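Asker: Protein sequence lines correspond, in order, to chains A and B.
Okay, so the first sequence: first residue is 1290 according to the numbering used here, each after it adds one.
Okay, so the second sequence: first residue is 1290 according to the numbering used here, each after it adds one.
Hints in this document: simulated from the structure, not taken from any laboratory.
Hints may be right or wrong, so weigh each one.
Any copy, or any two copies together, can satisfy a pair, since identical chains are not distinguished.
[Unchecked claim] Straight-line C-alpha distance at most 25 Å; calculated SDA-like pairs for lysine to any residue: (1) Lys1526 - Gly1387; (2) Lys1435 - Ala1567; (3) Lys1293 - Arg1334; (4) Lys1521 - Arg1408.
All figures in this text were calculated on a predicted structure; none of them were measured in a lab.
2 protein chains.
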Amino acid sequence: MAQKSYNINNAHRKQTQQLDVYPRFLFGPGPSNAHPRILQAMGMRQVGHLDPQFLALMDEIQELLRYAWQTDNEFTIPVSGTGSAAMEASLANLLESGDKVLIGVNGYFGNRMTDMAERYGAEVHQLHRPWGTVFSVDEIRQGLEKHRPAILGLVHAETSTGACQPFDEIGDLCRKYDCLLLVDTVTSLGGIPLLLDEWKIDAAYSGSQKCLNCPPGIAPLTFGERAIAKLKKRKSKVANWYLDMTMLMDYWGDNRTYHHTAPINMNYGLREALRIVAEEGLEERWERHQTIGESFWEGLEGIGLECFVEKRYRLSSLTTVKIPEDVDGRAVHKHLLEEYNIEIAGGLGELSGKVWRVGLMGYNSRSSSVALLLGALKSAVALYRR
Amino acid sequence: MAQKSYNINNAHRKQTQQLDVYPRFLFGPGPSNAHPRILQAMGMRQVGHLDPQFLALMDEIQELLRYAWQTDNEFTIPVSGTGSAAMEASLANLLESGDKVLIGVNGYFGNRMTDMAERYGAEVHQLHRPWGTVFSVDEIRQGLEKHRPAILGLVHAETSTGACQPFDEIGDLCRKYDCLLLVDTVTSLGGIPLLLDEWKIDAAYSGSQKCLNCPPGIAPLTFGERAIAKLKKRKSKVANWYLDMTMLMDYWGDNRTYHHTAPINMNYGLREALRIVAEEGLEERWERHQTIGESFWEGLEGIGLECFVEKRYRLSSLTTVKIPEDVDGRAVHKHLLEEYNIEIAGGLGELSGKVWRVGLMGYNSRSSSVALLLGALKSAVALYRR
């Protein structure tokens, strides 16, 4: 064959070095540091997405996810995207244009749910609560009574505020009002007590990069029987092809029909993350997060810092710390990164400039993290007091 | 704090072994085998998605992607999902409900584009060609003249048929008819001659797991000026939150505004994949794929097997091989996997049962792959001749 010649543009042929990044302590709201076993698993050689070995691995992931979530839901899978993709998958599949949806907004992620639901044509109503607080059963009841929604969306662990929504009675209320209960468990799965079936949650999603310590890029999703029933009764196609669970059911179910190529190595990582959860045990894991969280809170008090959320609703996996009025919050944050390789984050939305967000998630929830954080915070706060 | 006790369900607390999969030769339509340097990069410790180090890495990925695609397009990014997510991102962003879209269907993926475009409310018209053939400039011209679409969608390298669509004149035609040219380059990027700007392609997407040899889970997308202009003139919000490029532009652009958590380690992998492309050079890479492809085709002839696609339109990265009528195609396929650890695939859609699909992509495009494949195929075909 005659050699063709091409007019190649080399302007973007950038010379780059081998990847090498500083060893950061990821104590922000996520990603948390990956467990070394998870990074190791992700480097395992690939098999195809229809290989019998991969199909067996998919079954294992589903089982281990059911354990982590405490659910018997058959439809329990990882979505091929990050936590926001799983959030969108739950809304895109469970609602149809014109459906009434009630969303609890007591932080940033209630607004994100609202934005998504509106794009799928829902009539969205919001229940409001000050950021950092949680909804009472009575408030939920009044909301359901007033709006009679098809879906109630709540955030279990608000990553923007550090507050943990209790779920006693809410599941029963939703059944009484013939409403699906959809819950964001992004920052709780694998770290905070979470009992999906006992709490009668109909649909939930999560992320991999919080208490599970798997890098972002894969996101758990589960639908219970009532959610599946609504999905199967849809009159319209799901308005999102990539996240269409009616098609993905045929890949994750017995048919194994090709839909899209699964992210093989991210699935390797998630499987390892869930193995680690199953090895440690949920109760042990929840208790560890609580103990470490409490020791961090006590330490903060010792260095004159205050938590933003009332103790009984405080998430052990994500603490919001009030930035003292005479301290330059951004400078502290930057100093921690530059001097200690510690990543923490500022506030989102209306908490911007008011709090730091500090995550102690999964593998990162241990005494050495607390000691390091307290030491670095104490010195940085002293340095940047105005 | 008093220790709470929970009623834990241990039914799904499955005991599993450390991950260990057979070393497969991934000679199907993708995923291809990951280059060892890419797996190594993916195992690098994480940084946060707003870490200065990650922001620098994002810039490098964008530059290297521009080189691989031969484009100066500023908006050139990886989407946080697999190739199908990037396909959907291009349609969800560039079309609005009611837009006319013309899609070339000469294989499986034209139908997928159609399904997606319809979900976003497009009025879809199709141009048809027998599977395994390509469209002539005249056919495209007639289609544009008849339908006057806002977008023309074509597949450069049809993974289902092994045919390569030429692009001479099509870009000019699209400009003449004031139509955006959207091209699927999933199986061509990094393996097959592809000159985005020279061909006047307005938008393109690809996958990571074909000729780039990065595991699936991240997918390149690029929009040229004409595409960006249409995006900026939208009257409605993009009907897909996760893939809303008007928001993602603020993360990949100068503002660095948080949208969703980027899949950090998949970005590490893609960066390494693109570094490898830049090191080898595009022309060298294209020539290698062509030489290896031709030696495979000659070898097939030598063992009495025939290619499905006419030679001048044949993809060197993905060969469709006719299954001889007296051979049990499925049995051959299975035998290759079980006896040789070789994955090839059967046909999709109307080519099901009629062809095998054999990929020699990126790192896998080398003489040892050809020798191994030919040896294994020869022996398996002899074994399963009826």
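Asker: Can you tell me if Lys1526 and Gly1387 fall within 25 Å by alpha carbon in one copy, between copies, both or neither?
Answerer: both (14 Å within a copy, 17 Å between copies)
Asker: Between Lys1435 and Ala1567, at a C-alpha cutoff of 25 Å, which is it: within one copy, between copies, both, or neither?
Answerer: So Lys1435 and Ala1567 fail the 25 Å test inside a copy (42 Å) and across (61 Å) alike.
Asker: Within a copy, between copies, both or neither: which one fits Lys1521 and Arg1408 at a CA-CA cutoff of 25 Å?
Answerer: both (21 Å within a copy, 18 Å between copies)
Asker: For Lys1293 vs Arg1334, is the C-alpha pair at or below 25 Å within one copy, between two copies, both, or neither?
Answerer: Neither, since 36 Å and 42 Å both go past 25 Å.
In summary, the structure is inconsistent with hints 2, 3 from the numbered list given earlier, while agreeing with the others.
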